[in-house]
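Protein chains: 2
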Amino acid sequence: MFYAVVMAGGSGTRFWPASRAAFPKQLISLTGRTSLLQATVQRLEGVLPSENVYIVTSESHSQALRGQVPQIPEENILVEPVGRNTAPCVGLAALHIRRREPEAAMICLPADHVVKDVAAWKELLRAAHQQVRARGRVVTFGIPPTRPETGFGYIRFGPQIATEGTLPVHSVEAFTEKPNLETAKAFLQAGNCYWNSGLVAWRADTCLDLTRRHLPTIMDGLEDIDRALGTPRYAQSLAQVYPRLPGISLDYGILEKTEGIAGIPASMGWSDVGSWSALPEVLPADDTGNVAVGTHVGIDTRDCVTYAPGRMLATIGVSDLIVVATGDAVLVCHKDRAQDVKRLVERLDKEGQGGYL
Amino acid sequence: MFYAVVMAGGSGTRFWPASRAAFPKQLISLTGRTSLLQATVQRLEGVLPSENVYIVTSESHSQALRGQVPQIPEENILVEPVGRNTAPCVGLAALHIRRREPEAAMICLPADHVVKDVAAWKELLRAAHQQVRARGRVVTFGIPPTRPETGFGYIRFGPQIATEGTLPVHSVEAFTEKPNLETAKAFLQAGNCYWNSGLVAWRADTCLDLTRRHLPTIMDGLEDIDRALGTPRYAQSLAQVYPRLPGISLDYGILEKTEGIAGIPASMGWSDVGSWSALPEVLPADDTGNVAVGTHVGIDTRDCVTYAPGRMLATIGVSDLIVVATGDAVLVCHKDRAQDVKRLVERLDKEGQGGYL
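Going down the list, the protein sequences come from chains F and Z. Per the numbering used here, the first sequence runs over residues 213 to 569. Per the numbering used here, the second sequence runs over residues 213 to 569.
Careful: at least some of the hints might be erroneous.
Because identical chains share one entry, a pair is satisfied inside a single copy or across any pair of copies.
Lysine to aspartate or glutamate pairs mimicking EDC-like chemistry, simulated, CA-CA at most 20 Å apart [to be verified]:
1. K334 with D540
2. K562 with D552
3. K328 with D498
4. K547 with D484
5. K554 with D512
6. K547 with E493
7. K562 with D512
8. K547 with D515
Derived by calculation from the structure, the hints in this document are not laboratory data.
Excised from the complex, chain F in its bound form (with noise of 0.2 Å):
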């Protein structure tokens, strides 16, 4: 069977004040419709049954999260005491699988992506899941560049060394770090390179073999949960083995460690939708460039992004802006200054004003 790992535990600022500490990004509905996590489940709609859907959370969310997905058993939902990465919470959502089911696959996804050809998407996780199952492979996802961007990791892509329905399968050469400018735009005319798009699909058993080999701490840790799975001592083996686990990401920790990865080029209308300013990737802009969710008027404005839904949001002769309105708080932003809504709620925090984060 092909099973999901939703990673569902971030708690990221840039989406502020839409976005706030007890309801990520994630959970909000930045398109206007469903939550980014409802999209991400339902895009798995098809491909695999929802009692094979494990979502790993925090606290903080949990309770509004499971509100949200309530196709999803109770007990595939799985609460991270804290934060560790993405290593321990893909290796603790493993265990689960595994237990399961000794041979399972498993595609390993962020819930909150943007995907906007849903047909590409599953024809993609189905040759995934065929090369994992048939082949015992690691297969990443690609994402064709557009632009040189430097705030994306990269995949290298080598030969394609097999097909999968109508889709080529080829060998991973190297993951890289962010790029500057310069080397992002060599990445962009060199035609090899993809943007790591943060999916990885693998059997489970892999996935902890290669936690072992090169993260043994975390595994350590992970075997004394693992002993108390399906026991009345899972939840405090859990409280007390998880916070000590160190904080490693999957690409860093395992995948850039490891040989013999496979990737498929993924074009299926991916965004990360990393700040507001991205919301024009995934929303139609109208005539006059603007992009709005909620009602918005305007007199002479132009290329802006405007978010409050069950508001009226009025312009006039504006250009450029990101305007966000919530019940109690409002960000107006230069277009050009998205990254710096993180700065804005550090401030925010730091001036005593954490009844708005």
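Knowing the structure of chain F, use the given hints to seat chain Z on it.
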């Protein structure tokens, strides 16, 4: 005795979304403390007793208004069935005041202006009262212009004709309509041209005599109402007669046509706060030029006007904006476009968004 007629019937749209159809500019706390109406009434304290304050308002605001000025006797709140500009409004109040005291003097003033130098204002009021009481004069107040403003009418003062306390009293040579920029520049140079503040002090019977002379149709209607005053027929008479009166302003209908008006130069930190962009005239700016009502946290933000009482308003990398946030609506407007808020409100009305007006 000295009386006051506070004209509080206006329902302007230039302070949307803080001001609403049922809650106009004069009732909101533009400066973050009392409402403009409350401040206007408070500025009369010590000059005349609150039972001598009459407020003329409209049905739609009267409820909210009463709650703001509990010190004003219920019977002094005069409710116009419909708005008919300032000449009928002041005439109606003059009927009530003349009935109470045939030789009463009264100051007629808008409810929605700001006066920063309250001591100067009280001295001006007392001087005007003295000129009305002792000489029967019609006294206007001229605001020394500080810029070639094209949005106000002007009063041209003639020679000094008296001194009242420490204040000079001049003859008035002419009232002029809003000038073009060239004329406004000439007025600024001239030295004897003042902004028309919309204030006038006179006897109630003088007001009604001049209405009889210059606006006989209005006076005919007011006399019908006067005959019903103090009887059970008053409400019915007002409801029947008032809507039929022509809507004419005091300035245009009476003052411009009246000889022998006196004027006092009024240096009292006056502003009519005509739009959001006028807020810096009445509130202090911080050292980056930002004027805020409510909590504003700005990163690289200059020369903005922010109004969001009870909310957190954050800005990053912007300048010369007006940002206004209320429970259900947000406005972001370039400072140079504050006059277009009126247009925006008209558009919301046309587009079926009347719930936000």
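Results of checking the hints against the structure:
With identical chains, the CA atoms of K334 and D540 are never at most 20 Å apart, being 39 Å at best within one copy and 40 Å at best between copies. For the homomeric pair K562 and D552, the shortest alpha-carbon distance inside one copy (15 Å) is at most 20 Å, but the shortest distance between copies (38 Å) is not. Taking identical chains as interchangeable, the C-alpha atoms of K328 and D498 lie at most 20 Å apart only when both belong to the same chain, with a minimum of 18 Å there against 46 Å between chains. In this assembly of identical chains, the alpha carbons of K547 and D484 lie at most 20 Å apart only when taken from the same copy (17 Å versus 35 Å across copies).
Taking the shortest alpha-carbon separations for K554 and D512, only the inter-copy value of 14 Å comes in at or below 20 Å, while the best intra-copy value is 29 Å. Proximity of K547 and E493 under a CA criterion of 20 Å is satisfied intra-copy only: 13 Å inside one chain copy versus 30 Å between copies. Taking the shortest alpha-carbon separations for K562 and D512, only the inter-copy value of 18 Å comes in at or below 20 Å, while the best intra-copy value is 37 Å. In this assembly of identical chains, the alpha carbons of K547 and D515 lie at most 20 Å apart whether taken from the same copy (9 Å) or from different copies (19 Å).
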